[in-house]
Amino acid sequence: MKTFILLAATLQAQDINQLVDAMTPRLIETRRDFHIHPELSNKEVRTGQVIAARLKELGFDDIRTDVAGHGVIGVIKGGKPGPVVAWRTDMDALPIDESESKLPYRSINKGVKHACGHDAHMTVALGVAELFSKIKKDLPGTVKFIFQPAEEGVSDAEYFGAALMIREGALQNPRPQAIFAFHVSPMVDAGKIGFARGPLLASADSVDITIQGKKAHGAWPQDGKDALVSAAQCINMLQTIHSRRISTMEPSVLTIGTVHGGDRSNIIADTVKMEGTLRTFNEQTREAYRTYVKQTLAGCTAINGGDYKVEWIQPSYPVTVNPADVVNAALPSIERIVGKAGIVETAPQMGGEDFSLFQREIPGAMFWLGIRNEARGITGGLHTTDFDIDEAALPVGVKTAAAILMDYLTSSRPASR
Amino acid sequence: MRAVLCLALCAATLPAQTLEDQIAKIAKDLQPRLVECRRDIHMHPELSNQEVRTGKLITEKLRALGLEDIKSNIAGNGVTAILKGGKPGPIVGWRADMDALPIDETNFNVPYKSTVKGVKHACGHDAHTTIALGIAETLNQVKAQIPGTIKFLFQPAEEGVAGVADYGAKLMIKQGALENPRPEAIFAFHVAGNVPVGKIAYTDNAASSASSTVNITFKGKRAHGAYPYQGIDAVAVASQCILALQTIHSRRIDTADPSVLTLGTIHGGDRRNVIAESIAVTGTLRTFSEAVTDKYETLIKQTLDGCTSAMSATYDFNLKRGNIPMLNSPALNQAAIPVIEKILGPKSAIASTPGMFSEDFSAYQRVIPGSMFFLGTANAAKGITAGVHTAEFDIDEDALSIGVNTGSRILLDYLTRNAK
Numbered sequence: 067m068k069t070f071i072l073l074a075a076t077l078q079a080q081d082i083n084q085l086v087d088a089m090t091p092r093l094i095e096t097r098r099d100f101h102i103h104p105e106l107s108n109k110e111v112r113t114g115q116v117i118a119a120r121l122k123e124l125g126f127d128d129i130r131t132d133v134a135g136h137g138v139i140g141v142i143k144g145g146k147p148g149p150v151v152a153w154r155t156d157m158d159a160l161p162i163d164e165s166e167s168k169l170p171y172r173s174i175n176k177g178v179k180h181a182c183g184h185d186a187h188m189t190v191a192l193g194v195a196e197l198f199s200k201i202k203k204d205l206p207g208t209v210k211f212i213f214q215p216a217e218e219g220v221s222d223a224e225y226f227g228a229a230l231m232i233r234e235g236a237l238q239n240p241r242p243q244a245i246f247a248f249h250v251s252p253m254v255d256a257g258k259i260g261f262a263r264g265p266l267l268a269s270a271d272s273v274d275i276t277i278q279g280k281k282a283h284g285a286w287p288q289d290g291k292d293a294l295v296s297a298a299q300c301i302n303m304l305q306t307i308h309s310r311r312i313s314t315m316e317p318s319v320l321t322i323g324t325v326h327g328g329d330r331s332n333i334i335a336d337t338v339k340m341e342g343t344l345r346t347f348n349e350q351t352r353e354a355y356r357t358y359v360k361q362t363l364a365g366c367t368a369i370n371g372g373d374y375k376v377e378w379i380q381p382s383y384p385v386t387v388n389p390a391d392v393v394n395a396a397l398p399s400i401e402r403i404v405g406k407a408g409i410v411e412t413a414p415q416m417g418g419e420d421f422s423l424f425q426r427e428i429p430g431a432m433f434w435l436g437i438r439n440e441a442r443g444i445t446g447g448l449h450t451t452d453f454d455i456d457e458a459a460l461p462v463g464v465k466t467a468a469a470i471l472m473d474y475l476t477s478s479r480p481a482s483r
Numbered sequence: 132m133r134a135v136l137c138l139a140l141c142a143a144t145l146p147a148q149t150l151e152d153q154i155a156k157i158a159k160d161l162q163p164r165l166v167e168c169r170r171d172i173h174m175h176p177e178l179s180n181q182e183v184r185t186g187k188l189i190t191e192k193l194r195a196l197g198l199e200d201i202k203s204n205i206a207g208n209g210v211t212a213i214l215k216g217g218k219p220g221p222i223v224g225w226r227a228d229m230d231a232l233p234i235d236e237t238n239f240n241v242p243y244k245s246t247v248k249g250v251k252h253a254c255g256h257d258a259h260t261t262i263a264l265g266i267a268e269t270l271n272q273v274k275a276q277i278p279g280t281i282k283f284l285f286q287p288a289e290e291g292v293a294g295v296a297d298y299g300a301k302l303m304i305k306q307g308a309l310e311n312p313r314p315e316a317i318f319a320f321h322v323a324g325n326v327p328v329g330k331i332a333y334t335d336n337a338a339s340s341a342s343s344t345v346n347i348t349f350k351g352k353r354a355h356g357a358y359p360y361q362g363i364d365a366v367a368v369a370s371q372c373i374l375a376l377q378t379i380h381s382r383r384i385d386t387a388d389p390s391v392l393t394l395g396t397i398h399g400g401d402r403r404n405v406i407a408e409s410i411a412v413t414g415t416l417r418t419f420s421e422a423v424t425d426k427y428e429t430l431i432k433q434t435l436d437g438c439t440s441a442m443s444a445t446y447d448f449n450l451k452r453g454n455i456p457m458l459n460s461p462a463l464n465q466a467a468i469p470v471i472e473k474i475l476g477p478k479s480a481i482a483s484t485p486g487m488f489s490e491d492f493s494a495y496q497r498v499i500p501g502s503m504f505f506l507g508t509a510n511a512a513k514g515i516t517a518g519v520h521t522a523e524f525d526i527d528e529d530a531l532s533i534g535v536n537t538g539s540r541i542l543l544d545y546l547t548r549n550a551k
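Same order as they appear, the protein sequences are chains A and B. Just add 66 to wherever you are in the first sequence, counting from 1, and you've got the working numbering. Just add 131 to wherever you are in the second sequence, counting from 1, and you've got the working numbering.
In case anyone wonders, no lab produced these hints; they're calculated from the structure. Warning: the hint list may mix true and false statements.
[What the hints assert, rightly or not] Here are some chain A residues the structure puts well away from chain B; computed CB gaps all over 12 Å:
hint, residue
1, Gln115
2, Gly144
3, Glu196
4, Ala285
5, Ala298
6, His326
7, Arg330
8, Glu349
9, Thr412
10, Pro429
11, Asp473
[Unchecked claim] Result set (EDC-like, lysine to aspartate or glutamate): computed pairs, CA atoms no more than 20 Å apart in a straight line:
hint, chain 1, residue 1, chain 2, residue 2
12, A, Lys375, A, Asp274
13, B, Lys218, B, Asp200
14, B, Lys451, A, Asp329
15, B, Lys352, A, Asp452
16, A, Lys176, A, Asp452
17, A, Lys280, B, Asp235
18, A, Lys280, B, Glu523
19, A, Lys339, B, Asp200
20, A, Lys406, A, Asp274
21, A, Lys406, A, Glu427
These numbers come from a predicted model, not from an experiment. Glycine included, every Cβ here is placed at the ideal spot set by N, Cα and C.
Assemble the whole structure, with the sequences as input and the hints as a guide.
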């Protein structure tokens, strides 16, 4: 019985390769269409429509649109019995301008660009969906494709993206046993796949800090409480959390990115506002920072009798952690597609991902889809104007994703069948 | 015929009153309207060089009084006007400022609360303007008996504006406010939140500080907020430098030389998760001498050199010298003391030490002799004790009529003494 399964898998792998290779021109076309028409977080109207239309065309069994805004969920039930597994992709673009780019497929939306590869993520997911619709009869289980909006986060809502999808039942009816996803990586060559056991991406928290003092004439500081000097003291003291209070074995970053305050040069500032971001690789460190930030601000503002307010706001993502057993189970599937040399182990990255929220519900892993091509000058980092992908990564992504999902379905089937 | 009638009426209503008594009575009777006028201006405060409504209000009131040679839109929204007395004599000036401050009064509970969110007359310019208009009205009623001419200067933008070379007093002078006619001397009041109502403080010679504007830009290097080591964090650099600058006063300047370096605003950064490339800080430097200002300029540079290079950052620093110290004329002060004490009683004129504030009245004093008196507006019993430039600043309005009476009498005294 076991021999038969492996034989079937091998046969399918050959079929799959041919099918995906034939799909490649359409993959490139799809990715460029998304890239030319990028949409910001929670504004993915066209993107959602394109996805829903494609899934309909592919004859999906169950399609839900407008989930968590413009999200789409498509379910395909294989001809053979088996478990349910999910593949997740994000949909939104970034407020980064690409109008100066010379690329033939540059964004036509001024100030908006797919600079985080979500165009490629969707393309790969649709590719896998198309492939599975072609081999539906042989598919041993159900695959749920989750197209998620607003991964980059919005500041005007408490729930959005993954959090809102989960609230709106994306992981129910049917409930997947596991979830997988890709993120493009400009540090991994096209044709290769990166992986990390344990933390893959950092927790990302947004913090707003207000230092409250008391206004006075600038020439009489003694009559006021100088919020500007107090803010400077607080910013300096916040640096010592990393250097003095957190184990150096725990990578973490607290960045104060903006600081604004004061009314005019000759008035003692009574309010200074700061915005910051916190990145950690484990929840204990994340909690420790929250405690220490509060303690630091309380002490520091007490020096001049001032006050403070600290608010941890959205977006806020937990650490993206790939369970070792889930990764280990997927590695042979990946190796079958990209070979031993095509698998790269990567260090945890300081970016944040709300895929982590799905991982809190069910086992899941995210892998790096290599898109770098130094020879062709494709080296731009995520979230930069120069970011691009080597499109040769698209069919590799489809094949690898299909292999991970198929193998998961096959190996997770109850033994009695 | 009309003149005869008026004289007859005047004689009937004001029997055997001295000019001083007449002024005192007019000022006293004016009090309800002074309060009304001050509250009107207080409720409609306008920022420096935006005093459109205030300028219009002043022009209309002066016109209604029938003052001569009313010039509007001087140095922006400033107004000057002439009151010619019926008798020959010299020319003297009286100056009031008009602008308000970017301080919010929303949470300050008075019935005459500012109607402009974020803007408040927190430096008493509403009272200054009201008193100057009151003096004009008072002296206008007795102008036949006045030996000389009074020139009123209503000046905008005393608090200063950024990015403009000339404004306020300097621009008024540039646009000829002290010419045609040229006053021999100039007086002004400034409300004093630390002097009780009914008293007036004066300072001989240096009365206010020199004021310079400080502009600093800290320059780092942008990077993703999660990778600070790839950039240079201008927020962290600015914070260290701001603290290092505090030690100039505590460690490097003779403590016998009073001085204040205040950084009032800080702005920078693009978004929370991007390492800030640039932080702009503005501030003010107050000293009582150019030498101390020079020293600060050198020490600020040295401090910024050190603390920015510590993190491989760079900076731009610019010190723009503004107001010079006020130099009140001891002679004008000495002459005014008996006038004040005759009205407000013995010891009501208080000798005061130089104040750590800046006043562009100093610019007029470099052209002609002048004195600014500090009109008491505090009243602890009524809870009116807050300092100027605070959200809680208020005045005891009894000071309005006192100001009108005393100001009128100081002017009259000057003209009388100097009439040839």
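(request) Hints the structure violates: just list their numbers, smallest first. (result) 4, 5, 6, 7, 19, 20 and 21
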